[in-house]
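Listed in order, the protein sequences are those of chains A and B. So in this note's numbering, the last spot in the first sequence is 291, and the numbers never skip. So in this note's numbering, the last spot in the second sequence is 634, and the numbers never skip.
Rather than coming from a laboratory, the hints here were simulated on the basis of the structure. Accuracy of the hints is not assured; some may be wrong.
These stretches of chain B come out as covered by chain A in the derived footprint (C-beta under 8 Å, 3 or more residues) [claimed, not checked]:
#, stretch
1, 316 to 328
2, 477 to 487
3, 603 to 612
Lysine to aspartate or glutamate pairs mimicking EDC-like chemistry, simulated, CA-CA at most 16 Å apart [said to hold, decoys possible]:
#, chain 1, residue 1, chain 2, residue 2
4, B, Lys335, B, Glu348
5, A, Lys164, A, Glu199
6, A, Lys114, B, Glu348
7, A, Lys114, B, Glu531
Just a sample of chain B residues kept apart from chain A, beta carbon distances all over 10 Å, derived [what the hints assert, rightly or not]:
#, residue
8, Leu297
9, Leu356
10, Leu405
11, Ala468
12, Leu502
13, Ala510
14, Ser519
15, Ala524
16, Pro532
17, Ala618
Cβ coordinates follow ideal geometry from the N, Cα and C atoms, glycine included.
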Amino acid sequence: MWALSILLVLSGLPVQAATFVDMAGRRVEVRGLPRRIIPLTPSLTEVLFALGAGDAVVGVTDQDDYPPEVRGKTRVGGGLDPNLEVILTLRPDLVLATVDSNRWDTFLELERLKIPVFGLKPAGLKGVFTSIQKIGEVVGRPEQAEGLIVTMRRRMAAISEKVKSLSRPRVLYVVWIDPLIVAGRETVIDDLIRIAGGENAVRTSGFPPYGLEQVVAHPPDVILLGSDRPGSEDGTLLRRLPAWKEMRAVREGAVRLVDTNVMHRPGPRIAEAVELLARLFHPEAFSGGVP
Amino acid sequence: MMLVRLLTVMGTLTAGLMTAVLLALWVGTVRIGAVQIMGILLGKLVSIPVSWSEAHETIVLSVRLPRALLAGTVGSALALAGAGFQAISRNPLADPYVLGVSSGAAFGVVMGILTGLGAGTGGVLLLPLFGFAGALVAAVAVYGIASVDGRLPIQTLLLAGVVVSLFFASAIMLASALVRAEELQRVVFYLMGHLRAVSYPTIGAVIGCVLMGATLIYAQAVPLNLLSAGEEAAAQLGVEPERVKRIIFLACSLVTGAAVSASGAVGFVGLMVPHAVRLCLGPDNRLAIPASLLAGAIFLILADTVARTVAAPTEIPVGAVTAFLGAPFFAVLLRTRYRSVYP
Chain A
1 MWALSILLVL SGLPVQAATF VDMAGRRVEV RGLPRRIIPL TPSLTEVLFA
51 LGAGDAVVGV TDQDDYPPEV RGKTRVGGGL DPNLEVILTL RPDLVLATVD
101 SNRWDTFLEL ERLKIPVFGL KPAGLKGVFT SIQKIGEVVG RPEQAEGLIV
151 TMRRRMAAIS EKVKSLSRPR VLYVVWIDPL IVAGRETVID DLIRIAGGEN
201 AVRTSGFPPY GLEQVVAHPP DVILLGSDRP GSEDGTLLRR LPAWKEMRAV
251 REGAVRLVDT NVMHRPGPRI AEAVELLARL FHPEAFSGGV P
Chain B
292 MMLVRLLTVM GTLTAGLMTA VLLALWVGTV RIGAVQIMGI LLGKLVSIPV
342 SWSEAHETIV LSVRLPRALL AGTVGSALAL AGAGFQAISR NPLADPYVLG
392 VSSGAAFGVV MGILTGLGAG TGGVLLLPLF GFAGALVAAV AVYGIASVDG
442 RLPIQTLLLA GVVVSLFFAS AIMLASALVR AEELQRVVFY LMGHLRAVSY
492 PTIGAVIGCV LMGATLIYAQ AVPLNLLSAG EEAAAQLGVE PERVKRIIFL
542 ACSLVTGAAV SASGAVGFVG LMVPHAVRLC LGPDNRLAIP ASLLAGAIFL
592 ILADTVARTV AAPTEIPVGA VTAFLGAPFF AVLLRTRYRS VYP
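Turn these sequences into a full structure, and let the hints guide you.
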């Protein structure tokens, strides 16, 4: 209650400009508490909603679909080519964008239009937590950010504890089958696989172009296929492809479709993703459910 | 007589250009009334009893205006390069794309993006130079491969263009295959041919290159006219064919490089606009070159207005629009007017 009254008093004061340093090392000046925010990737939207700042979100990208509340929000176009006219009409006091999934040009364009744009770099698990913390600071919800991070860490630690003594299957995460793109080291997916009790079959970092020969040479125990409609395919695709169909994991049916919207978004739902993976790798450990 | 005709044509095209710019400022994803547009444009000079929001003013002056300027500049550049190449090769099929100069420019720009030298505020101004360097390498290669005994026969010129074009297209593919998915995204986005609301210094850099190129090309208008009657006849009249060719290749590379650096792959403008201009106004380069410059600007501004609005709020690549508008228009002109101009 006292926090609310302080907030009310503060909101009556003249707007103070605060300067934040974003994850791209840029200085970003934000005037007062942002009330009209446009996140330019779905993961940033999910973070804002998880921090309870969903009401301040005035626009989202075409790719946004979570949480369900985003359905009523104005669409600003794709994350790679947001429509500047729509953004300007929404009169945002803060735009959030990532260094990896948005284009640098977008940063320059928004700077030129005098719209504060705060850059995040949710690369790897550490990057996700730092991003959440930074977003919490810039939107004036540092405690909520801290709380969210603690909750996520606890949930992941509980799962990690459950599977730590079990054997670690070698996992190949296929982002795209043709041309073959896989999740390598130093990615969020790599971290998630490790915490869920698996080991990434790929040694190179990032999302490298990968050769089928490399897959055959380091045969995975489990193959995960990213899919945006995990219910609609049956996972038998690989049984029809040459070389793939001869792999042990494919023959033994150790191919699983996973929801890319949960797996690929470096946001609050990665704790969910860890549980999803752990259940795939070690179904026997979850017969009693997660505490 | 010539001067009157030139002034009439240029006056008409300038009026057309103004209309195209006003249309580009008016039409967009966000609806802004025509009265408000006039208010925003004239409000700084005279007081008008019209009100408009600050967001609308920013949209018109900082999003639509720079983009229209860029579209106009890129359109001029591509049409100018097409006019130059068609005149020098005396072949209606020559244009920066057919000759591989655009591919060379695109390769230069992709290298600028991938090496990181073209990033950041200062780097953006360097990209036209990367484009120019790539275009020049391609143009010199075409020139070198195509020239036979110090001459530039049409057959070898076009074949050389195809070879160089394929080579640089493959080089871009190779570079794309070797980079990471995250970087590839930027390259693919660039290659699709987008016009963006870039900053005024960037537009200035491109305009500067285009003006320089335009001056060089226009200065060769009379020699180009003489060359159209054949190199020997022109040489007897004091024209140095090889010198003219070199100047045209250099100038066309410059404008192509600048255009491609700003917009990526936008096809059909260089082929279609100068062609259409010659079909309407005749082959005199003193008229065709400046008319192509203005007509190219008008055409790309209109094409970009369609690209911005047809699937709003999503923008489609302007290259797709130029192809869809350009191909049928070109086909009709070719069927109806070809014989009278290229007997």
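Do the hints match the structure? See the list:
For the stretch 316 to 328 of chain B, the stated coverage by chain A holds: 3 residues have a C-beta nearer than 8 Å to a C-beta of that chain, and at least 3 were required. Check result for the stretch 477 to 487 of chain B against chain A: holds, 4 residues qualifying (beta carbon to beta carbon below 8 Å, three or more required). Residues of the stretch 603 to 612 of chain B lying with their CB closer than 8 Å to a CB of chain A number 4, which satisfies the three-residue condition for coverage. In summary, the hint linking lysine 335 (chain B) to glutamate 348 (chain B) is supported, as the alpha carbons are separated by about 11 Å, within the 16 Å threshold.
Annotation: proposed proximity of lysine 164 (chain A) to glutamate 199 (chain A) holds, straight-line Cα distance about 12 Å (limit 16 Å). For the given pair, lysine 114 (chain A) sits about 13 Å from glutamate 348 (chain B) by alpha-carbon distance, which is consistent with the 16 Å threshold. Taking the CA atoms of lysine 114 (chain A) and glutamate 531 (chain B), the gap is near 53 Å; set against the 16 Å cutoff, the hint is violated. Every Cβ of chain A is farther than 10 Å from the Cβ of leucine 297 (chain B); the closest lies at roughly 38 Å, confirming the non-interface assignment.
No beta-carbon of chain A is positioned within 10 Å of the beta-carbon of leucine 356 (chain B); the least distance is around 12 Å. For leucine 405 (chain B), the requirement that its beta carbon stay farther than 10 Å from each beta carbon of chain A is met, with the minimum near 13 Å. Some Cβ of chain A comes within 10 Å of the Cβ of alanine 468 (chain B); the nearest lies about 7 Å off, and the non-interface call is violated. Distance to chain A confirms leucine 502 (chain B) as a non-interface residue, since its nearest Cβ pair spans about 23 Å, more than 10 Å.
Residue placement check: alanine 510 (chain B) keeps its beta carbon more than 10 Å from all beta carbons of chain A (closest about 36 Å). No Cβ of chain A comes within 10 Å of the Cβ of serine 519 (chain B); the nearest lies about 43 Å off, and the non-interface call holds. The Cβ of alanine 524 (chain B) sits about 51 Å from the closest Cβ of chain A, beyond the 10 Å cut-off, so the non-interface label holds. With a closest Cβ-Cβ approach of about 43 Å to chain A, proline 532 (chain B) is found to remain outside the 10 Å limit, as its non-interface label requires.
Taking the minimum C-beta to C-beta distance to chain A, about 25 Å, the non-interface status of alanine 618 (chain B) holds against the 10 Å cut.
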